[in-house]
Amino acid sequence: GAGVSQSPSNKVTEKGKDVELRCDPISGHTALYWYRQSLGQGLEFLIYFQGNSAPDKSGLPSDRFSAERTGGSVSTLTIQRTQQEDSAVYLCASSIRGFLTYEQYFGPGTRLTVT
Amino acid sequence: AQKVTQAQTEISVVEKEDVTLDCVYETRDTTYYLFWYKQPPSGELVFLIRRNSFDEQNEISGRYSWNFQKSTSSFNFTITASQVVDSAVYFCALRDGGYNKLIFGAGTRLAVHP
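Protein chains in written order, with the numbering used here: chain A, 1 to 115; chain B, 1001 to 1114.
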């Protein structure tokens, strides 16, 4: 079946602008995760959604970052007033459930460049 | 605290050589899971294996094998008879009961030359 999809694949934006990144998880997966991959910081967890529970936002680096998940499926990660240090690849992952036993399947990522 | 260490930043081998990628982890939990992911040049992280903390049996899948040793907190990955298609960055990751996230190591870049 279809894997995790993300759009856009590449995004170039000017410093100070807002951006929205989209993630479509694997159908039937109730858990959804956002990670960020950058040269200096490696792979970092950002936020986690499980069903209708309150999201775990413990990894969001600042209040400029927010995410929502509508209808338990598609998720949007929003970065307001982008800064150059936000440049990274943003990865979305989903798993059948949020329990630690289940592996996470990753999308191809969105490469964000802030100029 | 949780931590995953992949001490090898880059490894370069010639095709058909065997290669082992090291992974050392830290966690206070007794229940946890370890994972290996492959990130080829295309960029997408590909799941390879999951191992829980109560199962120390080694696993083999084709040319891939994994050695889990709780005594040394290690979960090493060996590729036998490496091929050019194995060239990628390999990540070891940890997830334990206290957290919803994967903790990744820094990754090991493997280059297999013909």
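Calculated from the structure, these hints are not laboratory results. For clarity, every value in this text was computed on a predicted model and none was experimentally measured. Among the hints, erroneous ones may be present.
[What the hints assert, rightly or not] Here are the simulated DSSO-like cross-link-like pairs (lysine-lysine), alpha carbons at most 30 Å apart as the crow flies:
| id | chain 1 | residue 1 | chain 2 | residue 2 |
| --- | --- | --- | --- | --- |
| 1 | A | Lys-57 | B | Lys-1016 |
| 2 | B | Lys-1003 | B | Lys-1070 |
| 3 | A | Lys-57 | A | Lys-17 |
| 4 | A | Lys-11 | B | Lys-1070 |
[Stated by the list, open to error] Now the stretches of chain B that chain A is said to cover, found in silico as 3 or more residues with beta-carbon under 8 Å:
| id | segment |
| --- | --- |
| 5 | 1006-1012 |
| 6 | 1038-1044 |
[Unchecked claim] Computed far set for chain B versus chain A, every beta-carbon distance over 12 Å:
| id | residue |
| --- | --- |
| 7 | Glu-1017 |
| 8 | Thr-1031 |
| 9 | Ser-1061 |
| 10 | Phe-1068 |
| 11 | Ser-1074 |
| 12 | Thr-1080 |
| 13 | Asp-1086 |
| 14 | Asn-1100 |
| 15 | Lys-1101 |
| 16 | Leu-1102 |
| 17 | Phe-1104 |
| 18 | Gly-1105 |
| 19 | Gly-1107 |
| 20 | Val-1112 |
| 21 | His-1113 |
Every residue, glycine too, gets a C-beta built ideally from N, C-alpha and C.
Cross-check of the supplied hints:
1. Annotation: proposed proximity of Lys-57/A to Lys-1016/B is violated, straight-line Cα distance about 45 Å (limit 30 Å).
2. Only pairs whose Cα atoms come within 30 Å are accepted, and Lys-1003/B paired with Lys-1070/B is accepted, the gap being roughly 15 Å.
3. Restraint check for Lys-57/A and Lys-17/A: satisfied, since their Cα atoms lie roughly 22 Å apart, inside the 30 Å limit.
4. Of the supplied pair hints, the one linking Lys-11/A and Lys-1070/B is violated, its CA atoms being roughly 43 Å apart against a limit of 30 Å.
5. By the rule of at least three residues with a Cβ nearer than 8 Å to a Cβ of chain A, the coverage given for the segment 1006-1012 of chain B is violated, with 0 such residues.
6. Here the segment 1038-1044 of chain B counts 3 residues with a CB under 8 Å from a CB of chain A, which clears the bar of 3, and the coverage holds.
7. Interface exclusion of Glu-1017/B from chain A stands, the closest Cβ pair being 27 Å apart, more than 12 Å.
8. Consistency note on Thr-1031/B: stated as away from chain A, yet its beta-carbon is not over 12 Å from all of that chain's, at 8 Å minimum.
9. With a closest Cβ-Cβ approach of about 14 Å to chain A, Ser-1061/B is found to remain outside the 12 Å limit, as its non-interface label requires.
10. The Cβ of Phe-1068/B sits about 16 Å from the closest Cβ of chain A, beyond the 12 Å cut-off, so the non-interface label holds.
11. Under the 12 Å C-beta cut-off, the non-interface status given to Ser-1074/B relative to chain A holds; the minimum distance is some 20 Å.
12. With 12 Å as the threshold on Cβ separation, the claim that Thr-1080/B sits away from chain A holds: the shortest Cβ distance comes to roughly 23 Å.
13. Its beta-carbon lying about 19 Å from the closest one in chain A, Asp-1086/B satisfies the requirement of being farther than 12 Å from that chain.
14. With a cut of 12 Å on Cβ distances, Asn-1100/B falls inside the contact zone with chain A, its closest approach being about 4 Å.
15. Distance check for Lys-1101/B against chain A: the nearest CB is about 4 Å away, which does not clear 12 Å, and the non-interface claim fails.
16. Chain A draws Leu-1102/B into its interface by the beta-carbon criterion, the shortest separation being 6 Å against a cut-off of 12 Å.
17. Listed as a non-interface residue, Phe-1104/B fails to keep its Cβ farther than 12 Å from every Cβ of chain A; the least gap is roughly 4 Å.
18. Distance check for Gly-1105/B against chain A: the nearest CB is about 8 Å away, which does not clear 12 Å, and the non-interface claim fails.
19. Not every CB of chain A lies more than 12 Å from the CB of Gly-1107/B, the least distance being 7 Å, so the non-interface label is violated.
20. Here Val-1112/B stays apart from chain A, with its beta-carbon at least about 22 Å from theirs, past the 12 Å limit.
21. Remark: the non-interface label on His-1113/B is consistent with the geometry, its nearest Cβ contact in chain A lying 24 Å away (cut-off 12 Å).
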